[in-house]
Amino acid sequence: MTTWKPSAGRAPVGAAGTPDHGRPAGDDSPTVRISARGRPVEDLPTEMLPAVDPGRSSGNGGVGDGLALSLSAALGPIAGLLSWVIAARVMPQAEFGQASAVVSAFILVAGAAQLNLGVGILRWLPGSGRRAGRLVWSSLLLIMPLSGLIGLVYVLVVPELARTAAGPDGSLALGVVLFVLAAAGWGVFVVHDFILVAIGKPWWAVWRNGLFAVVRIGLLVALCAYAGLGAQGVVLSWVGPIVVWIAAGSAVIWALVRRYGRRALGGVLPGRREAARFLGPTAISQIGTTLLYNQVTLLVILRYGPETGAAFFVAWQAVTVIDIGATFFMNSLAIHVAREPHRLPELAAAARRRLLLLFLPVLGLGALLAHPVLSIFGEGYAEVSTILQLLLLGLAFRLVVAHELGVRQAAGRAMQYATLQLVSTLLVLLVVIVIPVRDGSPDQALLPIAIGYVAVQVICAVGVRIRRQTKLEVRP
1 MTTWKPSAGR APVGAAGTPD HGRPAGDDSP TVRISARGRP VEDLPTEMLP AVDPGRSSGN
61 GGVGDGLALS LSAALGPIAG LLSWVIAARV MPQAEFGQAS AVVSAFILVA GAAQLNLGVG
121 ILRWLPGSGR RAGRLVWSSL LLIMPLSGLI GLVYVLVVPE LARTAAGPDG SLALGVVLFV
181 LAAAGWGVFV VHDFILVAIG KPWWAVWRNG LFAVVRIGLL VALCAYAGLG AQGVVLSWVG
241 PIVVWIAAGS AVIWALVRRY GRRALGGVLP GRREAARFLG PTAISQIGTT LLYNQVTLLV
301 ILRYGPETGA AFFVAWQAVT VIDIGATFFM NSLAIHVARE PHRLPELAAA ARRRLLLLFL
361 PVLGLGALLA HPVLSIFGEG YAEVSTILQL LLLGLAFRLV VAHELGVRQA AGRAMQYATL
421 QLVSTLLVLL VVIVIPVRDG SPDQALLPIA IGYVAVQVIC AVGVRIRRQT KLEVRP
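If you use the numbering used here, the sequence shown closes out at 476, no skipped numbers anywhere.
In short, the hints are calculated from the structure, not lab data. A hint or two may mislead.
Said to hold, decoys possible - Simulated restraints, written as ranges between beta carbons of each label pair:
(1) P436 to P372: 42 to 50 Å
(2) P92 to G200: 41 to 49 Å
(3) R438 to P372: 24 to 32 Å
(4) L142 to R303: 30 to 38 Å
(5) V437 to R89: 23 to 31 Å
(6) A248 to S138: 30 to 38 Å
(7) S441 to P92: 15 to 23 Å
(8) R272 to A225: 29 to 37 Å
(9) Y226 to I459: 44 to 52 Å
(10) R263 to V437: 55 to 63 Å
(11) R89 to R303: 34 to 42 Å
(12) S441 to A276: 26 to 34 Å
Yeah, the Cβ is synthetic: ideal placement off N, Cα and C, and Gly gets one too.
Construct the complete structure from the given sequences, taking the supplied hints into account.
Rendered as structure tokens:
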């Protein structure tokens, strides 16, 4: 049975062995001492004390939550690939490139505005108890207006995005509104998944994303294949479901979080300094991740033209599906370390084994099927099958980086996490920006970029293995 031992100056332990979490909200005292299963444990940050069921064990090392997060995260890009197949069949390749630029742009804006609060919720919600509602809503009400504001600035700077969203007969103002709605809604859409996992409803996130994908693809067929709206139809097939899902999903989240808080035994929120220490560096690194997933394709479209850019976009989407799935799988480690910090080395090793077992076969299968899968989009897209195979090879090395990022994040090593993420992202962006544009077919033009991506991932993976620390412990 777990025994909680307060540090000097802390409130006494309750009769049931649960610490009294009723300290003032502004108290930034960083640590308490605990003993788990008879073994001493390092000082732990107060936000990681479980306010609900302190003795709870993840049992399976987090594979259930990790798989649910991976599936819910991957459903979006997978549905995106299916919808892009439809779009490629009903619109010219150049118009396809314009539509993909709008989608990449608002996802880029939304990802940058999330400030890594999704993972912060995974770390802090288990200990927030009756204050769970305050944590959740303060996060969502920060992300949504921030996403909308950044989206407004972005689309005013790049008005071509608004023109594509508005369609040939629509006003520029309509395009701006559609872009801002998409950015603001998508900013909190992904965070809803983290909330569901943190309150013990991980598979709700999977069903939610699956239904969203089905509706979005159905709208795309109706708007593009039948109504002939082209690139504007692609944008509308995103904006409509986003608005509806955020409105309905927020109501569901409110009810679930309220019920979760009522069952709690007290609870604490991180102090401002404690939250800033984690969110500051990791929010910057999340911007780096968002740039990696979305800005790379925008740069290629701008430098190589919409047709070559469209072919690269499809190949990059396939890579992004797997990369996001691996990242979200490792994100789930944060919540299990929050519940059982003394098991960090064990949980990290289990996560590495499962990550490789789940994703390496997927990469191999993707490389084998690269040409036939891209042929579904059309012959112009199949020309980059070699590029896709090289990108998947690089992604195999990136799995090492993804695991290390997940471990550093779960252990609270925010600055080390941010450094690794930013270095790996900036090196890829540097490759895309610096390599001269080559003439020729898409596979010839894009070959240096693919080789550069592989080289970056090999360098980062080797660097991670060389600098790996022998002792894993949780930091405040």
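Range first: 42 to 50 Å. Now tell me if the beta carbons of P436 and P372 are that far apart. violated (32 Å)
I want to verify a distance hint. Is the separation of the beta carbons of S441 and A276 within 26 to 34 Å? Given a distance of about 50 Å, which is not inside 26 to 34 Å, the answer is violated.
Does 34 to 42 Å hold as the CB distance between R89 and R303, or does it fail? Violated, at about 26 Å.
Could you see if the CB distance from A248 to S138 stays within 30 to 38 Å? violated (21 Å)
Status of the given 44 to 52 Å range, CB of I459 versus CB of Y226: At roughly 48 Å between Cβ atoms, I459 and Y226 fall inside 44 to 52 Å, so the hint holds.
Are R272 and A225 spaced within 29 to 37 Å by their CB atoms? This hint is violated: roughly 51 Å between Cβ atoms.
For the range 41 to 49 Å, tell me whether the beta carbons of P92 and G200 fit it or not. holds (47 Å)
Does the beta carbon distance between R263 and V437 stay inside 55 to 63 Å, or does it fall outside? For V437 against R263, whose Cβ atoms are near 59 Å apart, the range 55 to 63 Å holds.
Would you say the C-beta atoms of L142 and R303 sit inside 30 to 38 Å of each other? Once the Cβ atoms are compared, 35 Å apart, the range 30 to 38 Å for R303 and L142 holds.
Is the distance from the Cβ of S441 to the Cβ of P92 consistent with 15 to 23 Å? holds (18 Å)
Given a hinted range of 23 to 31 Å, is it respected by the beta-carbon distance of V437 and R89? holds (28 Å)
Do the beta carbons of R438 and P372 sit within 24 to 32 Å of each other? holds (26 Å)
When each numbered hint is compared with the structure, violations occur for hints 1, 6, 8, 11, 12.
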